[in-house]
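> Put the two chains together into one complex, using the hints given.
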Amino acid sequence: MWLYIAKRVLYAIPIALGVSIICFSLVYLAPGDPIQSLIPPDASDEDIAAIRRLYGFDKPVVFQYFDWLARAVTGDLGTSLQSNRPVLNEVTRAFGNTLMIAVAAVIVAFVLATIFGTLAAFNLGKPVDKVATSISTLGVSIPNYWMGIVLVILFSVQWRLLPATGMGGDGSDGFSWFEWDQARYAILPMVTMAMIPLGVVTRSTRSAVADTLSQDYVQLLRAKGLGEGRVVLHALRNALPQMLAVMGLQLGYLIGGSILIETVFNWPGTGLVMSRAILTRDIPLLQGTILILALSFVAINLIVDLLQTLVDPRIKRS
Amino acid sequence: MTAPSKIVADPSQAAAAPLLEVENLHVDFISRAGRTPAVRDVSFGLAPGEVLCILGESGSGKSVTLRALMRLLPQGRSEIRGQVRFQGEDVLKMPRRALNMLRGARISMIFQEPMTALDPVFTIGDQIAETVIRHTGASREKAMARALELLELVRIPSAERRLKAYPHELSGGLRQRAMIAVSLSCYPQLLLADEPTTALDATVQIQILILLKQLQQDLGMGTIFVTHDLGVAAQIADKIAVMYAGRVVEYGSAEEVLLNPSHPYARGMLASTVSGQPRDRDIAAIPGSPPDMRNLPAGCAFAPRCAFATDLCHRSEPGLTQRGAFGHVSCHHVHRLDPPAPAGASVTTL
Ligand SMILES: Nc1ncnc2c1ncn2[C@@H]1O[C@H](COP(=O)(O)OP(=O)(O)O)[C@@H](O)[C@H]1O
Ligand SMILES: [Mg+2]
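Going line by line, the protein sequences match chains G and F. For the first sequence, position 85 matches number 85 in this note's numbering, and the numbering has no gaps at all. Just add 318 to the spot in the second sequence (first one is 1) and you have this note's numbering.
Because the hints were derived from the structure by calculation, they are not lab data. Keep in mind that the hints are not guaranteed to be accurate.
Chain G side only, calculated, beta carbon under 10 angstroms to chain F, not exhaustive [unchecked claim]: (1) L221; (2) A223; (3) K224; (4) G225; (5) L226; (6) R230; (7) L244; (8) D305; (9) L306; (10) T309; (11) R314.
So the derived label-pair ranges between C-beta atoms look like this [what the hints assert, rightly or not]: (12) G:P14 / F:Q532: 40 to 46 angstroms; (13) F:K482 / G:I142: 44 to 50 angstroms; (14) G:R314 / F:F626: 49 to 55 angstroms.
Built from N, CA and C at the ideal position, the CB exists for glycine as well.
The shape of chain F in the complex, shown without the other chains (with noise of 0.2 angstroms):
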């Protein structure tokens, strides 16, 4: 019933050479009270020029996975276990210095909040150019030239004058486009976003994602795009995998995740967006709260929110049952769920 614990890219971009591929991640934070969890057996696959959405509830682990994937977590103060293979280079045990040459060249990350993210007392150009002279060896000169470039690219009026701006000097929408600018610094194959437009107003959040879709399809880059807006991951995703307490709970085509949903976590999700509430509005209109952590049951962690829930499921975590070409689910229930209403009628019952 449950398919092994090693889950291949979609086959059919196999061939094609995946750009990533997770498998059984684990992140454990160590403080001196002991060891928390804050992301648990995930795995999932990226082909070149693809687009994943990791969806969640806050706290479910999905900035933790992508530090974890450029090894961005504090070191000594952190574990993490696993594999993640980019471009069929294992990243978890590559030295100090190819994986500097990795990071900022061939992954790039935008983070959440272009207000802290970005050094203040440095201009934007410098912090662009520091990024091209480290990868690229140009001189100040033609790094500065490169930096006008992106933020061209990225559409920031008057760029020669911003590039001698101060980050504060800047406003919110323009800040975080120069943080995509940075990213971008050295045309990435790979882009890790951290909801980027979360910490935006609205109209600029629609930009923002225009813009990123955009360049995303321009450059080619495959891109994984964490957020809890719903309405984003429907437009931008092929793949989405939906996390609950630091565990992917249901990973598939953005179809089958969006419109055929299996597991009650993110049907209920589903359910909480569709019925009318606004977009930007957090995934929490499920009953019960997340699980803490430190204290995780041992059963299923969603079982005490969970309408479908068993004995079975208070008593043991389920392991992941193969769904679709190359998702999974990670529920006892999924056969007995299964096939799902259609969207809409299993939107009103849950």
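Next up, chain G with everything else stripped away, as it sits in the complex (with noise of 0.2 angstroms):
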């Protein structure tokens, strides 16, 4: 096993190592040139190599991508042109904001579904299918901005019972599930999130169950006179793989930080900075931020694979 997952790991490097040229080479596709935003009007021929040098975007290509990959590698992306502060500093500080919503939103969605999604199974076609579908269709048709500001309007502005906007007193640091003061502000937000995965996750687990249900062994673990909450422990057990890959994917989408709910919530994660980034062309921010995402969802799949061959016995483990 032990081997399997430093196998699983080594294949993951080339992966990792493509999605850094793609993050680097983000300086070359965007229009225009980083130096533009940096430099004032006013400054002469030499001020602008200067800066040129100062950065690195004087040599050749190649010779620039290694010298960000060696710095990338020992936790160094760069100083933010905007704030001048580290763009690792930046980066984990947003990421840890948006991972804190995105993970409660993701659990959330997925035991919420497993309920729905099962339910629906044992009742195709009768009432409680119906509902449970219209759920999981309106989770990933309605536009999930337009969710956040009616919810904000029912339970910041009619109600008032949790704030509209914002991280609270402490900001990040500080930040806990389990000290209301702090996770009221992050409620509206999070339940805003796992709308969708729970529209997805709903449907793929209605149809994996369902479709364990027509299998032989389910005849059989009813001739062998068990309840139906072990049928439902067998069909969940075998559809369990398919809901997972699901899942991290979704997972994986969440991290990005929805830029339009983090907007409306003005809560301050991955997708707030990467949309600052793009407004002030701010590259080292967004290069950083974009490594960060991308090898984030490397690792979620890699966590995904490995899960589902804990899971399931007939994934061979070699």
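See below:
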């Protein structure tokens, strides 16, 4: 098993390198010269050349890449052009903020979707199924920034139960889901974020469980006299690999942080950082954010793969 | 000429309290397109320790009959009528809880496909143990110990290791042995085996068959064995029921049915096997093909293929004519055909 894990991690390295090349080339894909935003309009040619040298823009591209990679590996992702703070700090802080609500959103969505999807699969075509299917369709098709605004209007404006925006006094450093003072800020963005995974996972759970229910071995469970509880257990256990794959993908999408959701709630996550980096042409910050996000996407895939081999004995561990 | 529709099990056995009595069993499948019969007016009986073989072409309703006995058919999409009495209890009217206590404990089923009938993500041991736990309330350790005993009972080599194996790690033959072990978890009084060897290689088939026969005798289980292999039936059956288009066209003791078949379909079926064809071939050597169940002919379902068919056969469905001590035949011309020539001769004429 350890050997298998080591092997899968090794396989992920080329993918990570590919990701880094794409991130790096963003500088060149973006229209215009990144230097432009740094230099005052009245700078002399010597000044411009000096700044170019300072940022390494005067060397051949390949060297620039390896320089950048070598620094990135040690955790140095450069300095934000706008704030002059290390990119790594900015990104990890934003990433942490997004991760906090994304993970909670996926857990909530996964639990609810498992319940709805299973109920639907056991009652195909009956009212329960129709309700669950409607919920999942709504989850996928309602624009979530609109959903966010509606939630704010209801919970913050009308009922004054939850704060509309921001992260509370302490900001990201002292955040904890277990302290109401802080958690209350995260509830609305989290719920909004959970809508799409709820829809997607409900739908795939329904089809995966319905699929197992038509199998011979479910007939055998009934022939053995087992109750419906046991049948649900077997059906879910068989549907789990498929559900995990879908959930991993959804978590991947969410950690990208929805620019729209984070803008609506002014939540300082990766989505906000990225939109700021784009608007201000802060290329190092954009590069760094995308690199971290892409790498965590690779990591999530790896974890889902490993979890799948753990729960599905049919996948060979060699 | 037709016997009353109520057919009682062998009277000599009736004293010993019948294990199973099936009377006028009907199964219809219901879809949006309408109602399709699959089993029509089936009656038979079984005494403790007896073996009944159900023979018939594929699609004749053998599996549906077995599943109906345990009410394993899809709810809402099927309707079962008639009576199934197991040890005097009416299975079709039984509440769900009582039914679940019966299933897997006193009545067990062996499925045809060991490949798909075992859950791929649970170990063999777990799948046996969960049945034991369900019906005896034993602890997990006790249930696992019992699972090990059962694997040894069905002679799975290195049983200890196989307890922790997943179905896909076993060969087809071992998987079917594991399936048998599951069905024996609580020493059932009635075993329903639905073509338990059809999916296996020829040599493995024989081993499984020998094992089943021995277990059946050792444990004294009443057994209904579905097969389309006459050779198998000849070896293990006390009684035989021949099904055609959802009906039992001939039912009687194994000797009667095998040596002296009355129904033209049963005769044709025997002929096709006796005249030196490989034993594992389907019983399809009679010209023509079985009727479409959605669109059954008005009269006898076999009439379009029957050499003896008359106008009467095409017009009305024959009732059941008493035959032998407890059996019956469903043919208008059973008296004209009786007494049949000795088996060998009748075989060549049909
Ligand atoms: N779940 C089902 N839904 C609808 N029709 C079915 C179902 N199961 C079996 N049937 C039909 O019932 C008839 C008898 O099938 P079956 O009992 O499986 O035949 P066999 O004798 O080969 O075991 C067939 O015509 C089959 O199409
Ligand atoms: Mg069948």
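> Hint by hint, say whether it matches the structure.
Hints, one by one, checked against the model:
Satisfaction of the interface hint for G:L221 is found here, the shortest Cβ-Cβ separation to chain F being roughly 8 angstroms, below the 10 angstroms cut-off. Checking G:A223 against chain F by beta carbon gives a least distance of about 5 angstroms; that is within 10 angstroms, so the hint holds. A hinted interface residue such as G:K224 counts as satisfied when its beta carbon comes closer than 10 angstroms to some beta carbon of chain F; here the least separation is about 4 angstroms, so the hint holds. The beta carbon of G:G225 comes within 4 angstroms of a beta carbon in chain F, closer than 10 angstroms, and the hint placing it at the interface holds.
The interface hint given for G:L226 is met, as the beta carbon of that residue sits about 6 angstroms from the closest beta carbon of chain F, less than 10 angstroms. Given hint, G:R230 at the interface with chain F, holds; its Cβ is 7 angstroms from that chain's nearest Cβ, closer than 10 angstroms. For G:L244, the interface hint is violated, since its Cβ never comes within 10 angstroms of a Cβ in chain F; the closest pair sits about 13 angstroms apart. Given the 10 angstroms rule on beta carbons, the hint for G:D305 is violated: about 17 angstroms separates it from the nearest Cβ of chain F.
Restraint check, G:L306 versus chain F: the minimum CB separation of about 17 angstroms is more than 10 angstroms; hint violated. For G:T309, the shortest C-beta to C-beta distance to chain F is roughly 12 angstroms, which exceeds 10 angstroms, and the interface hint is violated. The interface hint given for G:R314 holds, since its Cβ lies 6 angstroms from the closest Cβ of chain F, which is under the 10 angstroms cut-off. Range check, G:P14 to F:Q532: about 58 angstroms between beta-carbon atoms, so the 40 to 46 angstroms window is missed.
In this structure the supplied range 44 to 50 angstroms holds for F:K482 paired with G:I142, their Cβ-Cβ distance being about 48 angstroms. Under the hint 49 to 55 angstroms, the C-beta atoms of G:R314 and F:F626, about 54 angstroms apart, fit the expected range.
Comparing the model with each numbered hint stated earlier shows that hints 7, 8, 9, 10 and 12 do not hold.
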